[in-house]
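Protein chains in written order, with my numbering: chain A, 1 to 264; chain B, 1 to 189; chain C, 1 to 189.
The set of hints was computed from the structure by calculation and includes no laboratory data.
Wrong hints could be hidden among the right ones.
[Stated by the list, open to error] In silico BS3-like links for lysine-lysine, alpha-carbon gap of 30 Å or less:
1) Lys102(C) - Lys109(A)
2) Lys161(C) - Lys117(A)
3) Lys102(C) - Lys99(A)
4) Lys69(A) - Lys23(A)
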Amino acid sequence: MELTVALPVYDGPLDLLLGLIEKNKVNIFDIPIVTITDQYLDYVRQMDREDLSVMSEFMVMAAELIAIKCKMLLPAEVDEEGEEIDPRADLVARLIEYKTYKYMSYELKDRMKEAEKSFYKPDTTPPEVKKFRPAVDPADLIGDLTLKKLHEVFNAVVRRQADRVDPIRSSFGTIKQEEVRLSERLVFVADYAKEHGRFSFSDLLMKRRGRINMIVTFLAVLELMKYGIIEASQEEIAGDILIQAVEGADMDSVDIESDFEGAS
Amino acid sequence: MEDNKLIAAIEAMLFTTGRAIRIADMAKALEMPADAVSRGAEALARRCEEEDRGVRVIRLEDAYQMTTSREFYDILIRLETQPKKPTLTEALLETLSVVAYKQPVTKPEIERIRGVNSDHAVNRLIEYGLVRELGRAPLPGRPILFGTTEEFLRQFDVSSKDDLPEISPVRLADFQAEAESEAGVTVDV
Amino acid sequence: MEDNKLIAAIEAMLFTTGRAIRIADMAKALEMPADAVSRGAEALARRCEEEDRGVRVIRLEDAYQMTTSREFYDILIRLETQPKKPTLTEALLETLSVVAYKQPVTKPEIERIRGVNSDHAVNRLIEYGLVRELGRAPLPGRPILFGTTEEFLRQFDVSSKDDLPEISPVRLADFQAEAESEAGVTVDV
Numbered sequence: 001m002e003l004t005v006a007l008p009v010y011d012g013p014l015d016l017l018l019g020l021i022e023k024n025k026v027n028i029f030d031i032p033i034v035t036i037t038d039q040y041l042d043y044v045r046q047m048d049r050e051d052l053s054v055m056s057e058f059m060v061m062a063a064e065l066i067a068i069k070c071k072m073l074l075p076a077e078v079d080e081e082g083e084e085i086d087p088r089a090d091l092v093a094r095l096i097e098y099k100t101y102k103y104m105s106y107e108l109k110d111r112m113k114e115a116e117k118s119f120y121k122p123d124t125t126p127p128e129v130k131k132f133r134p135a136v137d138p139a140d141l142i143g144d145l146t147l148k149k150l151h152e153v154f155n156a157v158v159r160r161q162a163d164r165v166d167p168i169r170s171s172f173g174t175i176k177q178e179e180v181r182l183s184e185r186l187v188f189v190a191d192y193a194k195e196h197g198r199f200s201f202s203d204l205l206m207k208r209r210g211r212i213n214m215i216v217t218f219l220a221v222l223e224l225m226k227y228g229i230i231e232a233s234q235e236e237i238a239g240d241i242l243i244q245a246v247e248g249a250d251m252d253s254v255d256i257e258s259d260f261e262g263a264s
Numbered sequence: 001m002e003d004n005k006l007i008a009a010i011e012a013m014l015f016t017t018g019r020a021i022r023i024a025d026m027a028k029a030l031e032m033p034a035d036a037v038s039r040g041a042e043a044l045a046r047r048c049e050e051e052d053r054g055v056r057v058i059r060l061e062d063a064y065q066m067t068t069s070r071e072f073y074d075i076l077i078r079l080e081t082q083p084k085k086p087t088l089t090e091a092l093l094e095t096l097s098v099v100a101y102k103q104p105v106t107k108p109e110i111e112r113i114r115g116v117n118s119d120h121a122v123n124r125l126i127e128y129g130l131v132r133e134l135g136r137a138p139l140p141g142r143p144i145l146f147g148t149t150e151e152f153l154r155q156f157d158v159s160s161k162d163d164l165p166e167i168s169p170v171r172l173a174d175f176q177a178e179a180e181s182e183a184g185v186t187v188d189v
Numbered sequence: 001m002e003d004n005k006l007i008a009a010i011e012a013m014l015f016t017t018g019r020a021i022r023i024a025d026m027a028k029a030l031e032m033p034a035d036a037v038s039r040g041a042e043a044l045a046r047r048c049e050e051e052d053r054g055v056r057v058i059r060l061e062d063a064y065q066m067t068t069s070r071e072f073y074d075i076l077i078r079l080e081t082q083p084k085k086p087t088l089t090e091a092l093l094e095t096l097s098v099v100a101y102k103q104p105v106t107k108p109e110i111e112r113i114r115g116v117n118s119d120h121a122v123n124r125l126i127e128y129g130l131v132r133e134l135g136r137a138p139l140p141g142r143p144i145l146f147g148t149t150e151e152f153l154r155q156f157d158v159s160s161k162d163d164l165p166e167i168s169p170v171r172l173a174d175f176q177a178e179a180e181s182e183a184g185v186t187v188d189v
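Whenever a hint applies, use it, and build me the whole structure from the sequences.
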């Protein structure tokens, strides 16, 4: 029968090293590198190997420790001033830095406990204050807008409208207004998502057929994904698209009208 | 519980909920008899009044609530409305130009010209006093007709709608010609 | 505006909205200079404290907010259960302390100090509203810079980033002393 040993959980290699230093009651500035490295490797051997990304972080440190251990066996290097370089110096500096933040995190935790006792208050602004809209001074609003400018705006709008008219179709004698609008479809899909939660793209189309409708609905779905209102997934290529309303997403935060200025 | 502490505890409760709290509920939280709580709430109400604080405590049947002192409404309004200074956005400007030059005009017509839903823009312009309802069109569904206001005329210093610069038929023809040449076909309107 | 009235007006604003209000916004609403408003808010804070009221006024960077006095925690809990705040794991606290003291700080820097991947921890802290993106560092790859939020200040009882409990050389010396006494040797650094 295999014995399972419950390992203390460490928050990463530095945390483990600090733990070992404390357990052995050794000085952080004079780490007995051989002992600590052996114990570190022991711990790593017993670790659950499933999480590779966690494991690799511990392995990097193991390699570093072994490198330091080797350097300790060699004659000491000296710096420009002739002082011996301790191969452990970098590691010690990192441990101290880490330990400092870890210590501060305990300090913060204490403060958090104390601060939790403060209660705040929801907004209770009276409705007559909330609803109040200051009287607008038209002079202020219009500012330096002139009639000439207003006329230019109108021309631009009319011109855009003329551009929108499909010249090929219009030569057949009828000018048809696009029957499906993206802004309308957006609102429809958002409402549908709110009501149904989870549904498929074909559910959406059941209500209305036609190629234009399909394209505009698809565009609406893409837009709503962009706004984080819905999420979509597809299990296989050319399969049906599954749509899920994102909980808590707020359609009101999206100003469709101004965002789709000029879209038809 | 001594008086000052009881009053402070009631103040804390009324503040944090912001709504009316029944005396019985406060009594339960304070583990005190209801009449003592009632006296405490009255004492708090008196203090707020006497010291001319920014808040007041009012009694509502068997409950108390903390509210803002009314004399500060103006300040609150300035606090709440200051970030939203009204301006004529592009959408508003466009809509205004269509109403000005096409009046009387219905909302579907405005939307046909602009190509976008214009509910919001029209409502805003009405709120700002630049556009108004003129009546209803003798069309199916009797849609509302919109036009500009006197204020609009005043602001632009035009004495009548007929003084608005006209959009000439020539221009319209220009647009058409352009659209045609771009598409390389003839448009027959 | 006389002092008492100014203090009451600030009280009304802080009470009504319940949120942290920037001094600049209060000044605009009150049509007064910011430093006068600041003094008024401090006077209100002092009053609440001295009179042992049920509420307190705290400063959060360049804003003020009203909160309940902590001594009434037990009573308020009995009145109604407020939404429970998420508890922070060691890993989250550690990451938060690095962000708080090193801000603005990039993710690679956080990971260098902690020695572990910190994607998850940073995302969680953002989700809890304690950490936010501040912008991008002018470094290769333009990494995102992180810092703490106003909610962080509230939850950790600090009025400003500069008021964080000090991380001092003294503290580092403590570590050293600790290590020395543990090892029974003198360390020469």
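task = Run the structure past the numbered hints and jot down the numbers of the failing ones, going up.
result = Violated hints: none; all satisfied.
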